[in-house]
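Peer 1: Counting along the sequence shown from 1, when you hit position 35 you're at 35 in UniProt numbering, and nothing is skipped either side.
Hints are computed from structural coordinates only; laboratory data are not their basis.
Backbone N, C-alpha and C fix where the C-beta goes; we use that ideal spot for every residue, glycine too.
Wrong hints could be hidden among the right ones.
As the list claims (entries may be wrong) - Pairs of lysine-lysine, DSBU-like flavour, derived with a Cα cap of 35 Å:
#1 Lys65 <-> Lys44
#2 Lys13 <-> Lys65
#3 Lys65 <-> Lys2
#4 Lys66 <-> Lys2
#5 Lys13 <-> Lys66
Said to hold, decoys possible - Here are the computed distance ranges between Cβ atoms for each label pair:
#6 Ile31 <-> Ser5: 39 to 45 Å
#7 Ile45 <-> Lys2: 56 to 62 Å
#8 Phe11 <-> Ile39: 35 to 41 Å
#9 Met33 <-> Thr4: 45 to 51 Å
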Amino acid sequence: MKTTSPAQFVFGKENYRWLIISIAVVAFGFILMSGTTDIYSNTKIVIAPIVVLAGFGLGFYAILKKPAEKA
Numbered sequence: 001m002k003t004t005s006p007a008q009f010v011f012g013k014e015n016y017r018w019l020i021i022s023i024a025v026v027a028f029g030f031i032l033m034s035g036t037t038d039i040y041s042n043t044k045i046v047i048a049p050i051v052v053l054a055g056f057g058l059g060f061y062a063i064l065k066k067p068a069e070k071a
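Just need the whole structure built from these sequences, with the hints factored in.
Peer 2: Okay, structure coming up:
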């Protein structure tokens, strides 16, 4: 009889948490960019792209971070 071990996830719990946070930050950056009023505002041209890039950076961190070893 074969024994089945529990399924192993690719990432740890903390990695998924960072990935969800990064998706939220990217979405917030795109929300900052949206709208039709004041196209050349400082928020849409400078702050929103920085927020989006920070979200992508968090996503890369979430993917590359090694899960914590259990002692």
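Peer 1: With reference to the structure, classify each hint as holding or not holding.
Peer 2: Hints versus structure:
no.	hint	in the structure
1	Lys65 <-> Lys44	holds, 31 Å
2	Lys13 <-> Lys65	holds, 11 Å
3	Lys65 <-> Lys2	holds, 33 Å
4	Lys66 <-> Lys2	holds, 31 Å
5	Lys13 <-> Lys66	holds, 11 Å
6	Ile31 <-> Ser5: 39 to 45 Å	holds, 42 Å
7	Ile45 <-> Lys2: 56 to 62 Å	holds, 60 Å
8	Phe11 <-> Ile39: 35 to 41 Å	holds, 39 Å
9	Met33 <-> Thr4: 45 to 51 Å	holds, 47 Å
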